[in-house]
Amino acid sequence: MTQRTRTWLLLAPAGTWFLVMLIIPLTVVFIFSFGERAPSGGVVLAFSFEQYANLPARWAAFKNTMTLAPIGTLSALLIAYPLAYFLAVKANPKWKTILLVLVIVPFWTSILIRSYAWIFLLGGRGIPALLEWVGIEGLRLINTPFAVLIGIIYGYLPLMVFPIYVSLDKLDKRLLEASSDLGAKPWKTFLQITLPLSIPGIATGCMLVFILLMGEYLIPALLGGGKVFFVGNALVDLFLQSRNWAYGSAVAVTLVVVMLITVTIYMRLISRLGASREDVSIM
Amino acid sequence: MTKKTIDHISKKEFMEKLESYRKGSITRRHFLNVTGLGAAAAVMGASVPGLRPQPAFAGDIGDRVVLATWPNYHDPANFDAFTEATGAHVQVNVFGSNEEMLAKLQAGATGWDVYVPTNYTFEDYVKEDLIEPLDTSLLPNFDASAFDARYAEAGSVNGKLYGVPKNWGSTGMAVNTKHNGGNAISSWREFFDITMDKFSGRTIVHDYQLTTIGSALNAFGYSFNSVDEKELADAEKLLIDVKPHLFAITSDYQPGMRNGDAWLTICWSGDGKQLNTDMPEIAYVLGKEGGEIWSDYWAIPKSSERKAAAYALINFMLDPSVNAKEVLAHGYPTADSRTYDQLPDDLKSDPIIFPAQELLSPLEFGAAVTLTDPNRAELMARFKSA
Amino acid sequence: MRLYAICVYLFLYIPIGVIALFSFNAGRHASQLQGFSTKWYGKALSNPFVMDALETSLIVAFCSALCASVFGTMAAVALQGIRGPVRAAFDMLIYVAVMIPGIVIGIATLIGLVTVFDQLNPLIAAIWPNGFEPPKLRMGIGSLIAAHTMFLMALVVIIVRARLAGMDRALTEASSDLYATPMGTFRQVTLPMIFPAILAGFLLSFTFSFDDFIIAFFVAGSETTLPIYVFSSIRRGVTPEINAIGTMVMGVSLFLLISAQLLLQRGGKKSR
Chain A
1 MTQRTRTWLL LAPAGTWFLV MLIIPLTVVF IFSFGERAPS GGVVLAFSFE QYANLPARWA
61 AFKNTMTLAP IGTLSALLIA YPLAYFLAVK ANPKWKTILL VLVIVPFWTS ILIRSYAWIF
121 LLGGRGIPAL LEWVGIEGLR LINTPFAVLI GIIYGYLPLM VFPIYVSLDK LDKRLLEASS
181 DLGAKPWKTF LQITLPLSIP GIATGCMLVF ILLMGEYLIP ALLGGGKVFF VGNALVDLFL
241 QSRNWAYGSA VAVTLVVVML ITVTIYMRLI SRLGASREDV SIM
Chain G
1 MTKKTIDHIS KKEFMEKLES YRKGSITRRH FLNVTGLGAA AAVMGASVPG LRPQPAFAGD
61 IGDRVVLATW PNYHDPANFD AFTEATGAHV QVNVFGSNEE MLAKLQAGAT GWDVYVPTNY
121 TFEDYVKEDL IEPLDTSLLP NFDASAFDAR YAEAGSVNGK LYGVPKNWGS TGMAVNTKHN
181 GGNAISSWRE FFDITMDKFS GRTIVHDYQL TTIGSALNAF GYSFNSVDEK ELADAEKLLI
241 DVKPHLFAIT SDYQPGMRNG DAWLTICWSG DGKQLNTDMP EIAYVLGKEG GEIWSDYWAI
301 PKSSERKAAA YALINFMLDP SVNAKEVLAH GYPTADSRTY DQLPDDLKSD PIIFPAQELL
361 SPLEFGAAVT LTDPNRAELM ARFKSA
Chain U
1 MRLYAICVYL FLYIPIGVIA LFSFNAGRHA SQLQGFSTKW YGKALSNPFV MDALETSLIV
61 AFCSALCASV FGTMAAVALQ GIRGPVRAAF DMLIYVAVMI PGIVIGIATL IGLVTVFDQL
121 NPLIAAIWPN GFEPPKLRMG IGSLIAAHTM FLMALVVIIV RARLAGMDRA LTEASSDLYA
181 TPMGTFRQVT LPMIFPAILA GFLLSFTFSF DDFIIAFFVA GSETTLPIYV FSSIRRGVTP
241 EINAIGTMVM GVSLFLLISA QLLLQRGGKK SR
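Chains as they are written, first to last, in the UniProt record's numbering: chain A, 1 to 283; chain G, 1 to 386; chain U, 1 to 272.
Calculated from the structure, these hints are not laboratory results. Source: prediction; values computed, not measured. Treat the hints loosely; a few may be bogus.
Unchecked claim - Residues from chain A that face chain U, not an exhaustive set, calculated with beta carbons under 8 Å: (1) L10; (2) F49; (3) L260.
A virtual CB, placed ideally from N, CA and C, is assigned to each residue, including glycine.
Please model the entire structure based on the sequences and the hints provided.
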């Protein structure tokens with residue numbers, strides 16, 4: 001068997017799988033997005049841009065997604081970073097593993113069940129009742145963008161902590177010691193050494209969370225009460241309720257395009273940041 | 001294999017099946033399924049008390065039946081009784097709207113055996129060939145003459161029976177009077193006005209275009225079923241204006257009403273009754289401009305693979321004594337006079353369950369076109385994503 | 001700093017604790033505690049639909065994780081050795097598969113497969129020998145496994161490739177210089193080195209598949225996985241039964257994770 005045949009044989013299953021389960025379905029979606037809604041639901045093939053022209057009708061869903069996804073990512077980052085730092089740098093090595101596992105466990109549990117807990121916590125008998133007890137009345141949390149944001153942070157925090165922890169853990173502690181021996185103030189050490197070195201972790205964490213948030217359906221569905229609407233919710237509605245496959249396909253194609261653009265820009269930015277980090281570490 | 005199932009099997013086919021059963025080439029269960037004996041036996045087992053828990057029958061209808069239905073629409077104890085009688089567990093899948101059920105069935109196999117479509121859906125289900133014609137010989141508890149025709153006629157299309165009446169009811173509103181100085185409200189106009197005023201953030205509308213758009217249309221004095229462009233535009237404007245003041249858009253409004261987060265909701269009469277029973281401060285009222293009157297049916301989707309179990313479940317639920325327990329639990333009126341006779345007197349005179357005739361007269365039955373009108377579907381979607 | 005960490009852990013675990021607490025609720029409603037009871041655990045465990053959903057979820061997760069690890073590793077190994085357009089095409093596919101939101105994968109698979117099946121089914125029926133019921137392609141456990149495998153495979157390729165890239169090329173070269181067959185080199189040199197990556201890929205795939213709701217929501221046809229069951233139960237109104245299921249799932253994953261961690265640690269010490 002030549003090297004060539006061997007390569008082809010090794011690639012064949014994966015290639016076939018991608019063809020049948022990725023390329024063909026995406027092509028069908030793409031074709032359908034130029035179609036028209038059949039009278040009884042489903043799709044009639046056509047070549048029209050009607051569905052795309054109609055996209056502004058889902059502007060709010062895109063707007064919600066494009067605001068809450070970055071806000072959610074950033075909030076998760078802000079909460080996750082100190083924890084990751086604590087785990088990697090400060091935590092007692094004896095407890096480190098168990099503490100780390102405790103962060104990962106929630107991630108291994110269905111996000112569905114974890115969001116479900118917040119339905120109760122944010123509902124009238126949960127946190128608002130507690131607040132009423134201390135005198136803050138009439139606060140409504142469930143079915144607000146805030147509730148969705150809490151759900152997002154809660155759901156994706158572990159995913160953010162982990163990559164940052166990994167990049168901080170690799171950091172040579174002697175660098176930090178050297179820096180403080182040389183009289184650098186702690187925050188300066190942090191800004192000049194720790195933070196730049198953890199950028200790959202931050203970048204990975206943010207990208208993972210952001211990608212997942214762009215297609216989020218469950219958290220807004222459970223904690224948004226049908227009022228906080230993401231593109232994912234619009235898609236489920238179009239396919240599983242109003243049976244408008246053509247329009248749904250156009251929305252799906254648009255979501256993918258928006259995502260690819262955002263992520264590409266993001267990666268460019270990161271690699272530029274990465275480049276400047278190289279400069280820092282050389283200095 | 002169960003595709004053609006139970007109904008209409010010729011004598012010749014029956015003998016052939018019997019022959020192959022003897023030769024052992026098909027299983028007993030298959031034989032019983034195909035010939036319909038399984039269903040008949042199971043049905044008898046379920047309905048004749050003396051024949052009850054006979055494992056042999058239980059095995060024949062299988063160990064499960066999947067029911068697609070609406071929230072808070074059954075007495076769970078009846079399902080337990082069914083399981084005890086037949087050995088088949090009932091899995092309940094809850095949906096928020098007929099639209100959702102239709103979409104799910106259109107998209108392919110659902111695994112459902114029994115579902116509960118509303119009057120205006122039958123034309124479409126028949127047109128799309130998604131619904132199974134019913135064989136009344138497998139439903140000995142069904143007595144067509146016992147049902148009020150008004151609530152039974154939509155179950156037949158082109159002279160064929162597709163659904164037997166489950167319950168009927170009205171679509172009105174439930175209001176927590178505690179927050180309105182002890183007063184209920186009386187019209188859809190008031191419903192939307194109070195939502196944008198002192199009930200801001202406390203109102204629920206359904207995640208269902210038919211009732212939500214219908215209510216908004218009613219507030220203008222238009223028909224619940226309107227598909228007129230101008231009238232729909234008015235309704236859309238009202239809905240979009242009211243949206244920031246809503247607590248939620250959901251068809252499962254009982255939890256919100258019960259825990260006090262929500263004070264006002266579009267409400268189906270049985271839910272109104274359930275809420276009112278547990279929390280007397282919640283009143284159920286019909287809008288004086290009109291609203292919807294509807295009738296739900298038991299039906300079997302074509303794609304069901306456990307039709308024997310489906311027939312057994314429907315037949316079980318049609319038993320007047322079982323049905324009476326259902327009414328007691330969910331508070332929706334029945335069109336079955338046999339069941340009505342078994343209800344306690346205070347229920348028969350309950351104004352929520354059996355409203356006075358003059359209150360019912362402005363109500364309209366939903367129309368098939370209301371359900372499938374693409375403009376209404378798109379309006380609802382725009383409202384939700386606004 | 002430590003105080004902060006404690007706060008975050010509280011944030012992470014209070015909701016989980018609440019779920020667990022209410023799973024022991026004697027009452028029917030999940031929002032009011034009415035005495036202690038373990039009956040909901042019994043109810044969940046004796047509910048055939050829960051058990052069925054669990055079984056479906058486990059089968060799907062195992063099959064997709066297995067297919068993804070095997071095919072993904074094969075592809076990663078092959079891609080390591082080539083350049084040019086094929087490699088670029090695969091890189092592109094992997095990027096797309098990982099990047100595309102689950103909901104779009106779900107929708108695309110649904111309408112793609114339904115469309116393809118609608119074309120194929122009459123064809124199969126036409127060529128099928130008379131007298132036998134022709135098989136009917138439709139959405140179900142197969143389509144779900146296939147959809148999960150597709151994006152998990154991409155994940156495995158990425159993980160394994162990272163490991164391969166960090167591997168010393170000199171080792172494989174030395175091995176072939178010593179006239180080992182390519183298969184021998186793979187078995188004796190490459191495989192042991194990338195095995196931890198494959199295992200990690202398998203475990204990650206298993207978890208993703210087991211927890212996935214959105215793809216299954218579109219693709220599973222009439223099958224019910226555990227997340228789908230839980231989702232529809234939440235819509236039916238919450239009972240402590242869901243809490244009991246959730247608590248058990250969390251308990252099992254906690255146990256598995258900690259024992260895996262302990263095993264790895266012990267293994268690590270031995271090899272040192």
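Evaluation of the provided hints:
| no. | hint | in the structure |
| --- | --- | --- |
| 1 | L10 | 4 Å, holds |
| 2 | F49 | 19 Å, violated |
| 3 | L260 | 7 Å, holds |
Against the hints set out earlier in the document, a violation occurs for number 2 only.
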